[in-house]
Each structure stands twice: as C-alpha cells, then as structure tokens.
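Colleague: Since each chain comes alone in its own frame, lean on the hints to assemble the complex.
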Amino acid sequence: MTIAENAPVVEVIDAEEAARARRARINRIAKWTLPSLVMVLTILAWHLYVTINEIPHYILPGPVLVAQSILSDWELLWPAMLTTTRLTVFALLLAILGGVALAVAFTQSKWAEMSFFPYAVILQVTPVIAIAPLLQIYMESAFAAALACAWIVAFFPILSNTTIGLKSADHNLEDLFTIYGATRWQRLRLLAAPSALPFFLGGLKIAGGLALIGAVVAEFVIGRAGTGLGLASTLLEASYRFNFGRLYAALILISAMGVVIFAITSFISHMMLRKWHESALKRD
Amino acid sequence: MTPLAERPPLLTMSHIEKTFSGDVVALRDMNLTVNEGDFMSLLGPSGCGKSTALRLISGLMHPTRGKIDWAGGQGSDDLGVVFQEPTLMPWATVAQNVWLPFRLKGIGYNEVKDDILEALKLVGLENFQTAYPRELSGGMKMRVSIARAMVTKPRLILMDEPFAALDEITRFKLNNDLLELKAAIGCTVIFVTHSVFESVFLSDRIVVMAARPGRVIHELEVDTPYPRHESFRTSAEYAAHTRAASEALGEAIGEAA
Numbered sequence: 003m004t005i006a007e008n009a010p011v012v013e014v015i016d017a018e019e020a021a022r023a024r025r026a027r028i029n030r031i032a033k034w035t036l037p038s039l040v041m042v043l044t045i046l047a048w049h050l051y052v053t054i055n056e057i058p059h060y061i062l063p064g065p066v067l068v069a070q071s072i073l074s075d076w077e078l079l080w081p082a083m084l085t086t087t088r089l090t091v092f093a094l095l096l097a098i099l100g101g102v103a104l105a106v107a108f109t110q111s112k113w114a115e116m117s118f119f120p121y122a123v124i125l126q127v128t129p130v131i132a133i134a135p136l137l138q139i140y141m142e143s144a145f146a147a148a149l150a151c152a153w154i155v156a157f158f159p160i161l162s163n164t165t166i167g168l169k170s171a172d173h174n175l176e177d178l179f180t181i182y183g184a185t186r187w188q189r190l191r192l193l194a195a196p197s198a199l200p201f202f203l204g205g206l207k208i209a210g211g212l213a214l215i216g217a218v219v220a221e222f223v224i225g226r227a228g229t230g231l232g233l234a235s236t237l238l239e240a241s242y243r244f245n246f247g248r249l250y251a252a253l254i255l256i257s258a259m260g261v262v263i264f265a266i267t268s269f270i271s272h273m274m275l276r277k278w279h280e281s282a283l284k285r286d
Numbered sequence: 737m738t739p740l741a742e743r744p745p746l747l748t749m750s751h752i753e754k755t756f757s758g759d760v761v762a763l764r765d766m767n768l769t770v771n772e773g774d775f776m777s778l779l780g781p782s783g784c785g786k787s788t789a790l791r792l793i794s795g796l797m798h799p800t801r802g803k804i805d806w807a808g809g810q811g812s813d814d815l816g817v818v819f820q821e822p823t824l825m826p827w828a829t830v831a832q833n834v835w836l837p838f839r840l841k842g843i844g845y846n847e848v849k850d851d852i853l854e855a856l857k858l859v860g861l862e863n864f865q866t867a868y869p870r871e872l873s874g875g876m877k878m879r880v881s882i883a884r885a886m887v888t889k890p891r892l893i894l895m896d897e898p899f900a901a902l903d904e905i906t907r908f909k910l911n912n913d914l915l916e917l918k919a920a921i922g923c924t925v926i927f928v929t930h931s932v933f934e935s936v937f938l939s940d941r942i943v944v945m946a947a948r949p950g951r952v953i954h955e956l957e958v959d960t961p962y963p964r965h966e967s968f969r970t971s972a973e974y975a976a977h978t979r980a981a982s983e984a985l986g987e988a989i990g991e992a993a
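Residue numbers (our numbering), protein chains in the order written: chain B, 3 to 286; chain G, 737 to 993.
No lab work stands behind these hints: they were computed from the structure.
Hints may be right or wrong, so weigh each one.
[Claimed, not checked] Coverage of chain G stretches by chain B, computed from C-beta distances (three or more under 8 angstroms per stretch; other residues unrestricted): (1) 778-785; (2) 791-800; (3) 835-845.
Yeah, the Cβ is synthetic: ideal placement off N, Cα and C, and Gly gets one too.
Extracted from the complex, chain G is given alone in its bound form (with noise of 0.2 angstroms):
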C-alpha cells in the first residue's frame, strides 16, 4: 500500500461550517484532506459533528459555508453508503438489494449479474442471492449492506458506525472481513465511529474530533501496515496505538464538558 505521504488527495474539504437553524454550530472550521487509499476513522464523542462531516460529503446536505473538492470532480459512481442500520429493502431479495445502485442507473440485472454475485461473494454471501432480508442474521444483513455500497467499485465508500448495533463477535469477524474487503477492492474509505478500538484496528488515519461546536481537534496516524490479522489486536503497537487515540478522545469529551 502506498504511505501516507505518497497518496493523491481525492476529497478535500475546506473550512467547512455548518449550521442548524436554531443556531447550532454542528461543524466549525473543518479541514480535512482525504488521499486515495485512506482508511480514515472519525472518532469522537456524541454531537461532534461525525455524522454531519459525511452527511456533507455525500451531498445529502450543503455546507453553510466552506467546500468540498474532489479531485477530478464527481461523478455518480464515486459513493457507496452504509448506514448504522442494514438499510435493505424487506420486500425484495438479497440480490435485488445488491442489484440497486445499478438499477437506479437504468442499469439491467442481467447486465451486472456477474458484478452482484462477485460482491456477494466477498462478503461470503453467495449462496443468499434469493433470501430475504428477514431470514438473515443482524451481521449477514449488515454485509448485504457493504456489498451493495461496494458493488459499484465506488472511490469512496462511507460507512456511518455500521457496526454499533451488533454484538462484539460479530463486530470483531466483520471488522476483520472489511479489511479483506477493503484491499480486494482498494478503495477509500470514512469510517465514523465512538469505539477508540475499532478505529484503531480498521484505520490508518484517525480524525479525532470534539463537540460543542463539532470540530477536529487532532489527527493520529497508525502506522502499522495491513493486512491486520486478529494478532494486531492483542500487540503491543495496538495498545500504544489506542492509548494515543484514547488520550485524544479524552480531550475531546473534556473539551466539551
């Protein structure tokens, strides 16, 4: 993987602000350059604006004032979403669900029949194709959810604390699978997330942010090289790693507090 320093910028956001009518500053003053190949976690506290940062890069919502470059501009197929919930579609089967991003293209089934089972192969899910979401498990749904942000080989995919709603075990598998995922495919990714140790294990950047108004308020790097095996967790670069991030996240609860 190519270091840090090396990476083209993709995504650039320039004194960023955003407010909510009421006068709630969510974001203020944000700076943040995103190079290609990044793994990069948003860390912090509830109300600092993690949330929103994406909600803004996604286009779901415009900055106040401030903006957001890509580089080469933005095209359609540059996102992939998933969301702390599944998100799927009850009524239709898992390979529909998969099939979406295409169809909202005028994009046939049969024309990306190869691509769907290739991304429902990389999250193990092959032999799901006709289930239901309802017959799947909370983490088989939430890997429906990541083959469909992914099946379109998007640049950037953006995962909103995906994994929050699932017990550890299957935090852990999943955590390790998105690694997998993610040097099978090489995209970028922004991972938010309140856990110091999964934006540990996942990322090699993580933007440390507090709230009152939203703002970054440091930017760790994590060196260790991928792939990452289950081993990392137990090493001592991880303890260092997370202490460091644990000390950011400290600031950032004590700033706002």
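With the rest of the complex left out, here is chain B (with noise of 0.2 angstroms):
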C-alpha cells in the first residue's frame, strides 16, 4: 500500500471498465432523452397529420387546440381536477385504512378470514360499474357513492397483498419469537409488520391507480345526472358538446394525475425500502 500511497495516482482501467462506465453515462442521459424525445416527436406527428389532412377538430383536435383548450378553459378544469383528486386520494386513504385493517384481522382471527374472505373476492370480481347506479340510488351525497366506488375497486389489492404479507414471515424468525415468549402484539409490531411492509408497497402502488380508475369510472355513471363531479364528468360533458379540445385537454389531466399517484407512490417505497429490501437495491 505504501508504494500506491507514494506514487502518482494513475487510474488504471481496462477497456471493459472503460466501455462499462461508458454505456453507464449514455443510459443515464438516454433514460430522460429518449422518452421526451419519443413524446415531442408524436406531438409533431399529431400536429402535421391533423394540419395537412386538414382533419376537422370535432373529430381530431391538433395539439395547439389541445393546449389552448387547457388554457382557455383552466377555470372550469381546474376545480373539475381539484374534485377529481380529491375523490382519488380520498378513496385510497379509506382503502389503505380499510384494507390494513381487514388484514390484520384476517390475520389475527383465522375464523374472521374464513368468514369474510369469500365477500371481499365477490365484492372485488363485481364490477364496479355495474354496482355504481345502485349507489347512486341509495347514498345522497354524489360525492359519497363515488367515493364509495373508488374505495371498492382500490381496497381489495390492499387487502389482498397486505394479508399475504403479514404470513410471510420468516418460519424461524417466528420460532425465536415463541421461544423468547414474544406477546400477539409484539409479534404483529416487530416481525408481522414489518414483513408485510414492502407487499403492502406493492399493493399501494396498484390501489393509487385504480383509485383513480374508480373515480373516473364513478363519475362517467353518477356525474351523468348533472352532478358536476370532476374530471370525467367534464370529459363526457364535453364529448356530448362536441367540444373535442375540452375533451382531450381533461384526458391529459386525467393522465398526468395518473403518472403523479404513480411517481408518488413509487417514491414512498423507494424510501421505505431503500434501506434493507432487496427490491430496492442496486447490484454492482
């Protein structure tokens, strides 16, 4: 080591570490550039083909439509969006507290999971669209059937991946536990939970989509009736009026709010997990 410490430092590194580090950059760079690039390019694309074709806009609006269409009517898309979220983050909150809950006492109770197991399948293989006029009828609130919706359809892969979590425990983690005369809820906090954490992520990451496909689904049926819930519902509104720019300018919200639940879900494993789960790591 002396004799390294003395000289020069001279970075050796071969040609295969050398094309390595090489094809690490590019990725780097390429990981953003591509994607934006194949996003600029289809938007070019749309724009000629609907200008040179001279596609009518009832049919096709160009992106400058789209766009304008966004600013224009941000008034009206702005708290259409608001709605929306709400109804989304809403349901996914109620399904997280729900569908935890009803883990753990499946887990607790091999009795309670036996009993209810068969109604959450039923309630989860029943589509929501047909169940949502139903409640449409007997809840007052707009609002609250909608949510209700979105709760049905976003709690039951919650539900699903946490109970499976909470068993997979570890066999002889859950032997020192008995040997050490751990308590019920000792072995639920130290060894259940924590077990279930990163199927539970799992589980969040698709609820937070399907919450919002809940939404959207939820107002197509019940904001028909002139409710004026959110997004959704001024979509279909504006494919009623022929007000195509209106229509695809909701769709791209509808869209990003899709992407946004995805990122921030993806971020919050990232950071629960990054510390000890393989599915977080980085191999070298």
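Modeller: See the structure below:
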C-alpha cells in the first residue's frame, strides 16, 4: 500500500471497465432524453397529421387546440381536477385504512378470514360499473357514492397483498419469537408488520392507479345526472358538446394525475425500503 | 473446566418419545442428561430426530411421552437459539437484531446498550452496529445470530447446524471462535451437526443418533481439554476421536439402512 500511496495516482482502467462506464453514462442520459424525444415526435406527428390532412377539430383536435383548451378552460378544469383528486385521495386513504385493518383482522383470526374473505372477493370481482347506479340510488350525496365506488376498486389489492405479507414472516423468526415469549402485539408489530411492508407497498402502487380508475368510472356513471363532479364528468360532457379540445384537455389531465400518483407511491415505496429490501437495491 | 463426571445436571430428558401424525416416530425412548458446562453435539444422519430433540428442548414442540426437567425449573432467560440460517430481521440493524431478546421482554435499548456492544465485541462485529444484514457476508450474519443468542447470557444455547451452509474456511474460523466464546461466557451448548469433524473439534460429549426411529445409539467423550486450537485438528488424538465417532456414525447409518 505504501508504494501506491507514494506513487502518483494513475487510474488504470481496462477497456472493458471503460466501456461499462461509458454505457452507464449513456444510459443515464438516455433514460430521460429518449422518452422526451418520443413525446416531442409524437406531438409533432399528431400536429402534422391534423394540419396536412385538414382533419376537422370535432374528429381529432390538433395539439395546439388542446393546449389552448387547457389554458382557456383552466377555470373550469382546475376545480374539476381538484374534485377528482379529492375523490381519488380519499378513496385511496380509506382503502389503506380498510384494507390494512381487514388484513390484520384476517391474520389475527382464522375464523374472521374464513367468514369474510369470500365476500371481499365477491366485492372485488363484481364490476364496479354495475354497482355504481345502485350506490347512486342509496346514497344521497353523489360525492359519497363516487367515493364508495373508487374505494371498492382500490381496497382489494391492499387487502390481499397485506394479508399475504403479514403471513410471509420467516418461519425461524416466528419460532424465535415464540421461544423468547413474544406477545401477540409484539409479534404483529415487530415481525408481521415489517415483513408485510414490501407487499403492502406493492399493493399501494396498484391501488393508487385503481383509485383513479374507480373515481373516473364513478364520475362517468354518477356524474351523468348533472351533478357536475370532476374531470371525468367534464370529459363526458365535452364529448356530448363535440368540444373535443376540452375533451382531450381533460383526458391529458387525468393521465397526468395517474402519472403523479404512480410517482408518489413509487417514491414512498423506495424511501421505506431502500435501506434493507432487495427490490430497492442496486446491483454492482 | 469441571471434569465431565463432576458437572451438575442442567437438563434431563427421560423416556422421550415423539410421534408425528401419520405414525412417523421421530424419537423413541430418548434418555439424555445435559450437564452444566457441556458442549454436547448431537451427531447423526438426516431423519434421526436431532432437530426434533432441539425443538422439544426449546419448547416449540411437546413430547408425545416422557418429560424434560430443568434443574431449578426453566425461566425465560434460559435459552439462546441459533438456526441453520442466520435468521436476522432484514429491516433492522445489527444492534437492533441483537437487542431482540431483551426487547421482547420489554427492556429498552439504552438499558442493555452495553450488553449488546459486549456481545458484538465477542463476535468481532463491534464496528457493524448500524449495518443492515444485507451488507454483511454469510459468516458475519451468523456471528450476529450467535451474538443475539448469547446476549442474555442464557444457561443453554441450542445450535441447529449453524455452520452447515458456510464454506469450509469460514466454518473452521467460526468453530475456533465459538470455542472462545463459550469459554468467555461459560454457558452450556447443544450443537446439532452431521459433520464428524465438527463434532469432535467442538464438543466434549458426542451423542450419536440413528434414524427410523430416531434414537440415541452411542455416547462418546472427547476428553481433550479446552482451549483447543487449530493444531488440534492435525493431532493424533483428534484422528483417534474422529475414527471412533465415524465408526459410531457408520453404525447409525448401517442400522437405518
């Protein structure tokens, strides 16, 4: 080591390592530039297609018109987006509460699981679009009915993932907890819950997207009666009026919401697992 | 160290029988007295019930017939366990993993900080307190597991083939270290293995078991005094003990076949 310390620092990198470093550098840049390039080209192609072929705006509006709609209709779109966001976030929060609580109940009591799990499945497999009109009849508030719809769709992945996760603890660790005389609560908090965390977070990512889908479906069905809910209702209304600029504007905003929800849930998952879980580790 | 014959008994298994559903007799009429300070190996082929015996002693299972008596009764601090896998909580740091036996008794981290540090020092990992298990090698994880088993200074440590999954160089090193550790904390060890060499190097009593049905067929004494060093592995004494243990094991395998 002393020789190396005294010698001038010369980094010796063989051709293979140099190529690897170069590839990594290129990948880092390409990860952002390539999708951006695809987006720019797509928008350009869309614009050219619409202008060259002189497509009427009630069949396919050009990107310029859509952008204009977003700006000019902002006072209408923004509150609608807030409503849809509120619906989605509340549904997701209730899904987390309900899903986790039920999963804990299922794993604490075999009887509870045997009794109720089949009904959780039935709730999940029945298409929510078929339930929505009923909810609209039985619930006074359109918002509450839509919330119930979105909740039904979002809560199942949390329930099923968390249930599996709570049961996935290492068997030897289970034995160790038994030998050391752990209480039920200690077992749940110190062993089952951390074991379930990666599963729960996987469920959360799916549920985030589903909550938005549930909210959109609910708005389509429930918002139709002129209750004026969120973005999806706006989209539907715009289609009746052949206002395709606004329709596309609403669609793009809904997509953007989905992307933001995915980004947030992925970030939460990464932050909670990065220190210990295999899924969050970079391989050397 | 107290000679074998003068050690007071710690645990007595009398006429233990364990039958699993489906008429599988895992253990038949097992009689065994573990004395204080013993380093006892349970040596035998797969299916001879050596792991079942450990599970019975640890209370994870109950015998179909017979009983297990602890001298002075069993308390909650009497056991430490090391499994074949390190069995660490991946979400917790090394220090938090070693804290676990205390934590489950409701003892806060700060109250036992010194015990945890001492245990980690004994296994040579005092600089890895804040590391997560995934950052450690297989041998280091096993050391954490051993530190966790001994941190409460239990009367008896059960080890179920702890080094079977490690490479030979790491295993030899851990064998040496384990003997030092045992000398340092002076506990009793029951060590399940199917390696003749490991059992001779480590233990002063070897209990040879045969399978179908699981039972004890021989008991050997390895009277070479501790501390035993690496040189013991190449001594004539070691060769003689190894031959005796191999013959006993051969008999155990022969009887099963």
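Colleague: Compare the structure with each hint and give your call.
Modeller: Status of the hints after comparison with the structure:
1. 778-785: Violated - the region 778-785 of chain G has 0 residues with a Cβ nearer than 8 angstroms to chain B, which falls short of three.
2. 791-800: holds (count 3)
3. 835-845: holds (count 5)
Of the numbered hints given earlier, the model fails hint 1 alone.
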